[in-house]
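S.K.: Protein sequences, first through last, are from chains S and R.
In terms of this note's numbering, the first sequence opens at residue 457 and continues consecutively.
In terms of this note's numbering, the second sequence opens at residue 32 and continues consecutively.
Wrong hints could be hidden among the right ones.
Stated by the list, open to error - List of simulated lysine-lysine pairs, DSS-like, C-alpha gap at most 27 Å: (1) R:K145 to S:K978; (2) S:K1199 to S:K1185; (3) R:K122 to S:K978; (4) R:K145 to R:K73; (5) S:K1233 to S:K1199; (6) S:K1199 to S:K1235.
Said to hold, decoys possible - Listed next, the stretches of chain S that the computed footprint assigns to chain R, with coverage defined by at least 3 CB atoms under 8 Å from CB atoms of chain R: (7) 978 to 989; (8) 1064 to 1074.
If you are wondering where the hints come from, they were derived from the structure by calculation, not from laboratory data.
Don't be surprised by glycine CBs; every beta carbon is placed ideally from N, CA and C.
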Amino acid sequence: MTHILTEENALPVLLRQLQKLAVDICTELEQYLQKPSKHHLIVLRAKSQRLCCLSAFAGNKRLKAFCKQFARCCELLMQPEADEKAASKLLMKAGLILAASLSHPAYGLQVQYLAEEIFDLLRAFRGGNSDDSIEVQNIKIRAVAKQFWRCLHRAAAKALGSMRKDLEPSVAREMSAQTRVVLLCFERFANYSLGKTWDDNTLAIKLLTVEAVSARLASSKGNSGEISKLTPLPMYWHKSATDDVFLLIQQRLFSPLLANDSLDVQFLSKIERAVQEALLVCQILEANNNLRQLVHFLQVTRRYVRRLQCCSAKSPKAFLLSLQCLIATYSFARALIYPDKSFLCLSTNPFALEKQCETFIRANYEQYNEARKERVFDEGICQDAFYKEICAIKITLADYVRRVKNQNEKLLAESLVFWILHRFKVAAFCVEDYALFETVWWVQRIYGLAIEQKVLLCKQFLALLPELISIAQEPSRTEKQHRHDCFSHAFEKLELSLLFRSSMSNFVSSESLANFLSENIKELITYPDQLRSMHAAARFQVDASRRCIVELNMLSAGARDLNVDRVADLSEALEQTHSALCAIPDLANVDVPTLLGPGHQLLRESLNRAAARQQVEDVRGVVAGLYAFLERGLPVVAPKWRRRGLRQRSRKLVAHLQSNVGTVETLLQTKGLRSGEGKHAHLEHLIIEQRSLLQQLQEELDEARLVRFVRVRSRLQRFVARQANALAKQVRLQLHNESLQFKREIVASLMVPLQQVLRIILEQGIEDESIRRLRLKPKIAVISMQIRQQKAGICVDVSDDGQEIALVAIEPVQHLLHAIGGELTIKYVPLQGNRLKVVLAS
Amino acid sequence: MCTLLLVDDSPTQSCYLEFVLSSLGHEVHTQDSANLQPEELKPMAFDIALVSLLLANSNGFEIGLRLQNLGFERVAIVTMSPRSTDVQWTKALGLLGVLDAPNSLVNIRHQLQKMLQC
């Protein structure tokens, strides 16, 4: 059956068929390049011959000749002696141009796109010339690149023109086909570019492909395809995405690329990879049903690119800045496909990414560009400052790494790393090394992420920083590719190490500390200044001590929870000293400023350091001084302001005694009236009253002989803290049932054996921190004391979570207890700890 | 136009800030914390003292407090990696405020004006 083709009815059909064939040729060509086989060549030849026939119907002689040459080249390639590499390149170029020339249905065939050079090359290749012609061919390929770019540009622009005009759903299918052609153009461009040279603008292509993908997504909306079934995309996305994306491609991305003449092998291979990644995104779009986040990622990327373009249209370096943004996008895309490889996904929150992009653009570039208009940086000074900075950072870092290795890794580099990264970032920005700036920005981001998730950053991270710095120190700007490879390699290592360590959660978050403390910590921060100015007033000391005790209690608890042990130790020691000072009757004999000044000064500095993301310094020296003061025989009594109950009781007793004395006086006055009957009843009444008073007095005295165990709690805790500080261990003492009452002498006589028991536990039972870590025990050991009443005596069960204590060690304590009528037994429970039982009868 | 004292250990950061602030028309004197002799400075000569939060050998809060004790009326903290707690901590110490950088020139100008009105 034959058709009469007229321009009115048949041309659109014909053009659609031509387009389809061109796309099929490109697809087949791609499959052939991936896996060369004769079968693909046969299909290629057949399709190109069909295209040749159809072009004859369309009346396009040039296209016909082109397709003929193409088919012959395929035929030639099937011969065994053909140079496959050179031929495949040619075929690629030809296929691309074919697709580009057929990209627009409304305007007919763009025959001018069929570049003469390619045509000639196809002819030359078919002629089977010698090596000389290959030389000529290479030269020509270089010359053809620019024209090829222009072809693509025009094709895309034309396609876009129609897309903007025809937004009705009826032509949605054509739009989708056009988008596919544009995508294929980009894809073929990547293949075409193999073996060529270019500079670092690789990322522009990445952006371009991602934008094209987003456009494809947008056009698929109207296509009622699988994607539109899967996600309810808003309508505005369709229009705005299409317009913005292709305008962007047309006006911004293509122009600088067209202006660039230098080509690079590595760059082009990178482009190919980028295109593969874009195709991966396509697959995700088609296969995955969780599209919303990805769509948002694409939106963010698009917006970022647009702003980037606006800010730095003059500099091709700006493209480099989008690297990490795209890495995040691709990481996320990969994570969707491979959920088990979630480590690839560094930034799963598109909103955070968006915020960062916008902040970066708005803050840095705008300001920088504004400033540059008014004044020009002296580049020499900046470079000089940059290298000085780098040297300073390196020295500081090396020193820190050494210190960390010598000490322990529990308090890692938060402050210092932040400081280093921050300075490094500024330095990179000043010398206009945006790639480095962006890299460091990302390191900082990873670090922040790690802190938020309470991930313990491992030693590899510390080892990575000097590596990054040494890479950055290479002054040669020509080795950018090498630098980027080094950076990416280092980042891969970092990701893996973070993943490996992600389960460990023992990291200090200075932010949460500052949040916690900044609420009502003003008292403590201003105390050193108050102490200096008002130390003479004893009344001030007592009041300030009372206020400080409250704050210090809160601080120590909070700091202990946040694992900032140095602050917690210092605040505990200061709290005990303040308590003791409140109990001293004559404060004038104590040099309070000398005693408390260094401690509070150090506490303030430590708090400020924590707030400024710096490491808290060692506080052991000051803590030891405070404990030494407490050990010099201070009375173990509750502070004055805490003794309200005792004072009330004594006041009550005095009142009773006064009343009793009053009764006796009354008796004496009424002595002579005994004979009188009227007074007899009065006397009897007085005697009854006296009896009741005596009874009350007896009860009060009985009560005074008993003391609660809680009275010795602070003494025991102080003892444990002092011993632990001396042994560089971290121990917490817990007392249960401490409100029970016992005879005063029993409690007093139990103190020495209990202290001995605690000392032995601290020395032999509780392991060093490194050993505890190896045994997966908590960093802070716990000694628990359960107080019980046993008949008239006392029984204290002491337990710990340490290692087994030798029986020989507790023998002296056993002898001591035997001597006062007590008993000590010990039992070791594997995996739990020691259980000691101290019994003392009345 | 006002006279500013900038205390910063980072040469590039101080170079950058000096450049930005001077482009706003202010006179900037820079000092690093190692060579800082607060006793020799005349507090009246400066309108605002800007102290970097992250210093090599000390921290910005401590230096700020020292300057405040020596008679500097307006002491502010400059940070290039701001956190929400910085403002709280600055208030707790009685300092003027926090200047975020990098920031747009408009914002920096606005923040400085607010500080000068205090």
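S.K.: A separate judgement is required for each hint: does it hold in the structure or not?
M.R.: Hints and how they fare:
no., hint, verdict
1, R:K145 to S:K978, "24 Å, holds"
2, S:K1199 to S:K1185, "34 Å, violated"
3, R:K122 to S:K978, "9 Å, holds"
4, R:K145 to R:K73, "23 Å, holds"
5, S:K1233 to S:K1199, "38 Å, violated"
6, S:K1199 to S:K1235, "37 Å, violated"
7, 978 to 989, "holds (count 4)"
8, 1064 to 1074, "holds (count 6)"
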